[in-house]
Every structure is written in structure tokens, then in C-alpha cells.
Amino acid sequence: MSLKPFKNIGIGVAFSPNLKANLFEAARLAVFFNSKLFLIHVGEASTDKKTMLKLILKSFEKDNLNFEVVFKTGKPVDVILSTSEEKNIDLLILGALKREGFLKYYVGSIARKITRQAKCSILLLIKPSVERVPCKHIVVNGLKEPKTEQTITLAFYVAEKLHAEKITIVEEINREAVSVKVDDDKSLRRATIAKERIKLRENSRIKEIIKHIPETYTKNKLIKLQPIFGKQGYSIGHYAQISRADLLVMNAPKKMRFWDRLFPHDIEHILTELPTDLLILQ
Amino acid sequence: MSPKKSNITTFLKTIPQNIFSGFVVSLIALPLGLGLAMASDAPPISGVIAAIVGGIIVSILGGSHVTITGPGNGLVGVILVAITSLGLETAYVAVVCSGLLLLILGFFRMGSLADFFPSSAIQGMLAAIGLIILGKQFHIMLAHKINREDTIDYLLEIPHTINDAFHYGTKGLIYAALAGAISLAIMFIYSKIRNKYLQLIPAPMWIVMLSIGFSYYFEIGLHEPNPIAKEYMISGIPSIQNIIADLPSPNFNGFWSLSFFGSVLALTLISSIESLLSIKAVDKLDPEKRRSNVNRDLKALGLATIVSGLLGGLNVVAVIARSSVNVNNGASNRSSNFFHALFLVIFIVFFSTQLTRIPLPALMAILVYTGYKLASPNIITKMFSIGKEQLIVFFVTLIITLKIGLITGIVAGVLMTLIIHIIINKNSGLILRNVLKPNVLMFKEQDARNNFYVSIKHFCSFLNYFRLKQRLDAVPENQDIIVDFSLCEFVDDTVLENINNYQELFAKRGGNFEVIGLDMHDAYSKHPFASRRLLPVPKIIKNSLTRRQKTMESLAENYDLNYHSKKQKNIQFLNTFLFFNTKKINHIYNELYEKDKSIKLFDVEFTEGEFITKNEISSTMLYINLNDIIPQFTLDREGLLEKVYALAGFKDIPIENHSDFSNRFYLLGENETEIKAFFNDDLVRFFESNPYYHIESNGNALLVFRKERLASIKEIKSLFDFGKRLKQVISSV
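Residue numbers (this note's numbering), protein chains in the order written: chain A, 1 to 282; chain B, 283 to 1015.
If you are wondering where the hints come from, they were derived from the structure by calculation, not from laboratory data.
Watch out, some of these pointers could steer you wrong.
Unchecked claim - Some but not every residue of chain B turned toward chain A, in silico, with C-beta under 8 Å:
no., residue
1, Asp568
2, Arg572
3, Leu723
4, Glu990
These numbers come from a predicted model, not from an experiment.
Glycine residues also receive a C-beta, built at the ideal position from the N, C-alpha and C atoms.
Take these sequences, add in the hints, and give me the full structure.
Structure, rendered in C-alpha cells:
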């Protein structure tokens, strides 16, 4: 069995100083995943722009990069969303912003809107670079959700393609899951036992998932399971930051409502302070 | 985890000890109860009622182990205001209501309430309470009853009272003032005298016994009436029959007034804060190292306060001074609190007439001393040493509490702290944007050690300390925990003080609590609790060492090593190691080395790749300089090796006859035959029997480290020891 989840990769193109780095990142991924790259530009078509893009991507010719430039006018969010549906894009690459003066990254308003509404997977890059930075460590969520099995499988696929050797599966467990409240030594003891039990259960659930993944993707990988008792969607970001992961892979969030945005949870936490490159899988 | 013991036998065995400590505590509780009640303008017996009710109910239902409950110092100011503005009967209703609120707080598990207040504000509030007690009672102590509007007026009038005391004309007043002055002297001198027999009876009881003896001496010995003026003797100690007959009838007049609700709120706030602080402090004293169930204690205190209020007593709180006496006298469980109440009942039933022989000034001297302790100049010097900004908070809270009231005072203290934090950070965004974020991550590191690792982001101050506390409380105190502040831009003194408490607690219970990542923060003073802010430009000379640095310093002294905390740019010796091939080293700091520099341990800060400014990594490493030439190699746990080595074309080198070693370790190097020869039986056995480290050789030196993060002191010690032994083994090869 071989997976090929990302047939078409899309990236929004603006003629900014970051253009070359963004294009290089996207092109490299397209080569790794053996997919077609769509460069989506919001604005009028012109031969100047086309030649410039071609010039930048010239160095990928030897890798047989297959790419197409799409010009369309309109609002950026609408253009990118509609184009990605028309062209059957499976993976959309977006750039993150750096907060002024701080070494913190967050997702800008346009990218955030796209992230919320897109029907395809999203890759948010915090530090696109012309030269390749090897991806060594991937952190993936192991939430108890139907999507998780697919997410973990794809994370292994990505790891294989990007030659990452280490995968950490973080199982975020709500602290409410521990029914015992810690008050004194006795309840602490009971809570500790309850936690151990939950950890074992979670670990065996994840191990079961890993068993189902084709061995070509799991062999030669260092797999680590890390149960964390903490806020869902937040802890994994914090963990990815301190464990210096190169890529964080997460399930796409369930349908968002107004309240969910007002009181950030799950993925919204990570969007406000991106710890590393983030791949959101549909 | 202790095995299940036969609880009843241990309980019975400890009963005599608990009866004794209960007795000693009751000796203090009696005069303190009378005095605190009188200081709050309540009938003297109401304080004793609170102690009795509290002792009985909390000892049966409470969740702490060796705390003593009774009327509290902190409440004097509040009850005073309640009684003067509401009248005694309505004040009892307020006490009952605050008991109800406490009960509710307990049920809603609000035991962490006290954690939301900055410690300087609490100190300021306690000092204000101390001044309220001291200011009012000082005059009575010197037999000079006055009535003033404002607490500050009472304080300003103290010199006049002292002056007046030297010019009393009547014998009654002179004796009264003398009793007060002598009692105060006893309180101050008592702790300085270390005499086994003298210390058997606590100072307040000495005062009571001396004054009762004095009165008998005049009555029986000289056949004269007590020379102390009648109005300066305790009056109105009812007999037990009277207490039962004269239950106060609750008066609901003014129930709906603002001042009533203000009083209820203040009573609840202060009694919960005082109780929670006391419980926290007493837990540190507990010889059996148990953890108190704070919420259960709150519930019990609430119930006790309700009953006490109905019987005509004051609020019941957990009290620190009496509890510490309790522990010192060998109490081991809650029964001592029960016996303390029982002895109080006995005193009241059998000796209530004797109590009227106590002169008021003597009793008030005990309170003046308590007030002085709460507002002593030591507190101010301590505040000052933590940081000048703490003094601002302290005085703002203190003055507003004295001028307006307790609730306003503490609110002002909290606001002031917040403003100062914003000014210190020159940035309100850091606090406002992140205050609601769940900024604490804790997990158990999934390796052999099974440490708990806690990382805190953004900022950590009194505003969000409760999140950190929640996590820390879920860790058994006999475990190892590492708290990492390196992602945290600002840490305030309240948090550091609490962290320090945790460190003491963990140290006592066999665990290990370490703080890392504060070394790069700048502090505002040399005190270990001084607020710390992460410097954007880590160039400024730092003026204070963190606790970790200080421990490293003392480690250096104890093991005859040199320690150097400053940053160093002299890092060429590291560049020859393969590990740093793709990394840029910024500097090394916290260097710990042997006198001959053959082994040195240091924290190193490096970045991965040129353009990734984000990934600044700090790690603790050990460098061993060898005198001989050895092959170049890299040894690590199977599979943990990074891509770099694979790129360089290295392969795992198997060592013959040591399949276990080859299975567990990944050995890489260019010169396979030399390496195979180098890894002889001794060396292999050494690696097999010791914990895993990443070890690299560049031909004449070794680099040893475990994790890409700073090591705790415990880890530093074992790393250093490992390095020393490794050097021995290698030099014998």
C-alpha cells in the first residue's frame, strides 16, 4: 500500500521579499510529495510576472517540477479558496507573520480566515528559507477523535518523504478526565494511579493505530509517545516549542462557531502563537 | 507510599502526646482569646468561645493535621469595624454569614483564593492589621483609655501616652501601667531566654499566672485590695451557666445595609486568607510531612464559624502561632486541637473567677506584641531587599487599609502591583494579551528518570500563578520536578516566593524541585525572590545570581572546583566536535571546572542554522580534556542520533562479544578498527552499567551531555560524577 495524499499543492504568491523563499519551500515539498504545484496570484496576469516566477523555479527543472500559475482578481481569501476548490488542491501553503520585535510567529488575518474555511489541508510556514532546513522531528497529535488515525498515518507519510527520523505522538488528555481531585495525600495517590491508568490506555490506543500503518513508513523511525495532561490544542503547541519540533501535525478542527473564536481553544491557541511549521490535515 | 498501618493503635499511642500539646496550646489560647476579643470590642469570652467551637468542630471535620483553630489576629480590625458600625448582635449575624460564605468557598474548592494576591499586598495588609491592634491596645496597656476616630490618630498619640504614663498621680493607674509594661517586657524577653523549665510554659501564660499570683499576694498576703484600678481589670467573664443562658439573639436590623455586606465580605476574605496562609505555613512544619486538604478545612472552618457566631463567638480561623506551638510540643494529629478546646472548657468552668484577677494592661501587652510582630520593621527591610517596587505596594496597601478599609486596601495593593509590573516590563501587552492563556505545560519525561517537567510561557505572576500551582500540586512531593522559566519573559516575586516554598517542601519530603532557565533573566535586586525579567539583549551585566547559580557556586566550594558564572566567548574548543558542526555557539556560561581545567561543565547557548533565530537552545554539557590521543567517535542511545552523522557516512560499529552494548548503543566513527580496539571490556562495562549520555570524542577530548536543555543541579552532579569516572576508566585503558 502506498499513500499519495497530496496530488496538488497550492501556494498564494505575492511579489514580496519573501517570494523566493516561499516558492522554494513549496517547490521542494512538491518534489518530495511528487505533486503538481499551483501558484495562485491574486491580481492581473502579466508575462513579466510569469517569467519572474519561471526564473525563480528554474533550479527545480532538474527535479521535474510540474507547476502552473493561476491569475485571478478578487479578494485574496475568496480567490485562494475558490481556486483551491477548482484545481482540487489537497495542500495549501500559507506563510505566518512575525510579531514585531519578538521572536514569535502568528497567523495573519487573511491566512487565518483561509485556515478556518479551507476544505483542504493547510501548511503554515513560519520561516520559509531558500536553502533547505532539514526536518528532523515531527510532533503529531493523538487526540481521541475519528480523524486521528488518518492524521497519524499521514504524519508518518510526511516523515518518510521529508526524511524526518523522529516522531512524537502527543496525547493531550483533559485534566477533567481524571475523576479524582487532588486535595491531600490520599487523593493525590488515587489521582496519580488514575493518571497512570489513563496513560496506559492512551498509549495502547496509539500503538494500535501505529500497528495499522504500513511498515514502510514506520521502520527506521524513532517513535515516542508523550501523554500530557493539559489544555487540548494548547499543550501540544507548547510541547512542540520546547521539544524543538520542526513540524507540528494536527487534525483539522471541528466546525467553528462564533463562541469558539471568542474563547480560543484547540487550534486557535496555536494560530496565535505558532511554535513551528504547522500542518493541519483534513 | 506508606503501607496501611493499624491506624487506631497509632492514634491511641499518640494520644498522651497530643493531650500534652493541646494543654500547652490552651495556655496561650486562653489569654489570646480573651485579648483578641477585647481588642475587637467584643465580650472577652467570645474569643474563647471561638477557640472552643473551632477546636471541637475543625478537629473532627477538618482536613489539616496539626493546625490549631480559634480567633485570629487578622480579624481584629474587621470585627472592630463590624461591631462599631453594626452593633454587637448584628455583628454576630455577619459572623454567621461569613461562615456560610466560607463553607461555600470550601464546596466550590476555592482553597486557592489566597494565591491570587501578591505577597507584598498581603504583607502590607497584615502590617496594617498589626498597626490597628498595636495602635489601639498600646494605650490600654499603659492604662490610658482613649477614643479616636482613626487608627492613625491612635498611632500618633502613642508618644503622649508614654509621656502621660510617667506622670500618673493615682496609685491604681501606676500599677496598671506597670503591669502592662512588665508584661510587654516578658513577651519581648521570653524568646531570648533559653531555659528548659521557663520555656515549658508559654509567655502569655506566665503573664496570666504572675498577675493572678500578684492579686492573691495582695489579697491573702497583705490583706489589701488589688492596687490596680478597677476599670483596668478584666470584667464580665461569665460562668458557664451564664454563657448557655445568655445566647445572643441575632439582630437582623441593618441586614440589608452596605456596611453589613462590606463586613461580611471583609470577614470572609480575611479569615480565608489568614487560614490558608496558616495552613500552608503549618504544612511545612508537620513532622509527618502530610498534605492538608485545604478545601475540607475551609468547609470545617465555615461550619465552626457559623456555630461560633450563633453561640456568641468570633470567626474561627486557622492560626499560625498557636499551631507552631502545637507542633513544637509534639502534636501529631488533629486530636491536639480537640484537647486544646477541652482544656479551655475546663478553664472556663473551673477558673472563670480567677480570670477576673488578670489586669487588662497585662493582657493588652500580649496583643501589642502580636501587633508589633505583624508590623515589625524586619518586614520592611525584607521587602526592601526584594526590591524597591515591593515597598511601594506594601505602603500603598498599608496606608489605604489604615485610612479606608481592608477590602479597599487589598484591592489597591493588587492594582498597584499590576501597574508596577506593567511599568517594569514597559509593555502592557505582555500581561494583557497572555493573562488568559493556559501558559503552563507539565508532562512526565518519557525516559528512565521519569522527571516531571514544567515549562511556563509568556509571564508568570500572581495573576496566573494558580495555573502553575494546580500543576505543581498534582505532583507527589517525593518526585523529581524541573520547572523551566526560559520561555517566560517575566516572573514576579510572589511566584518565586511560592516556588521557594515548594522547594523546601520537596526537599523535606525526599523529592527534588529544581528551577532552570532563570539565569538569563535580569533581576532588580540581589534577593532570590526579586522579580525577574527576560532581557531582550542579553549583554547587560547582571547583578544577581539565581538560586541555581548560587547552588553551583556552593557546589564548587564543596567539591573544590572553580565556578565562573559570566558569559564567555572563548568557545573554540567546542567547534571541533561533530555535534556543533551545524550549530552556531553563542557563548558558554555557568562554568564549573576542576582546578587543572581537565574537566569542565558549562551551560552553552547555541543556535541551529544561521537564519533560524528562533531556535536558541541552551544545554548543559561536560567537557573532558584527555591527555592521550583516542579515536574519534560518537556514542549515543540506539536511534537517538541525528541525521548529521548519517550524512557524514558513518555506520553503527558493532563491538564483538558485547551484543547488549551494541544493541543499546549507537557507536559511530570513521576509524572502525581503532574504535573497536579502544572499546575494551572495562569501557563497555562502564557504559553498560551507567546511565545514558551522548558522548563524543574529537580525538583528545570528550563532550558529554544528555538533553538539549539546561540540567538541574541533581543532573549536574551526576553528570560531573559520570565524567570523572569516565575519565578514570579511559585513562586506565
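Evaluation of the provided hints:
About 11 Å separates the beta-carbon of Asp568(B) from the nearest beta-carbon of chain A, more than 8 Å, and the hint is not met. Checking Arg572(B) against chain A by beta carbon gives a least distance of about 6 Å; that is within 8 Å, so the hint holds. Hint on Leu723(B) holds. Least Cβ distance to chain A is approximately 4 Å, under the 8 Å limit. The criterion of a C-beta within 8 Å of any C-beta in chain A is met by Glu990(B), whose closest approach is roughly 7 Å, and the hint holds.
Hint 1 from the earlier list is the only one contradicted by this structure; the remaining hints agree with it.
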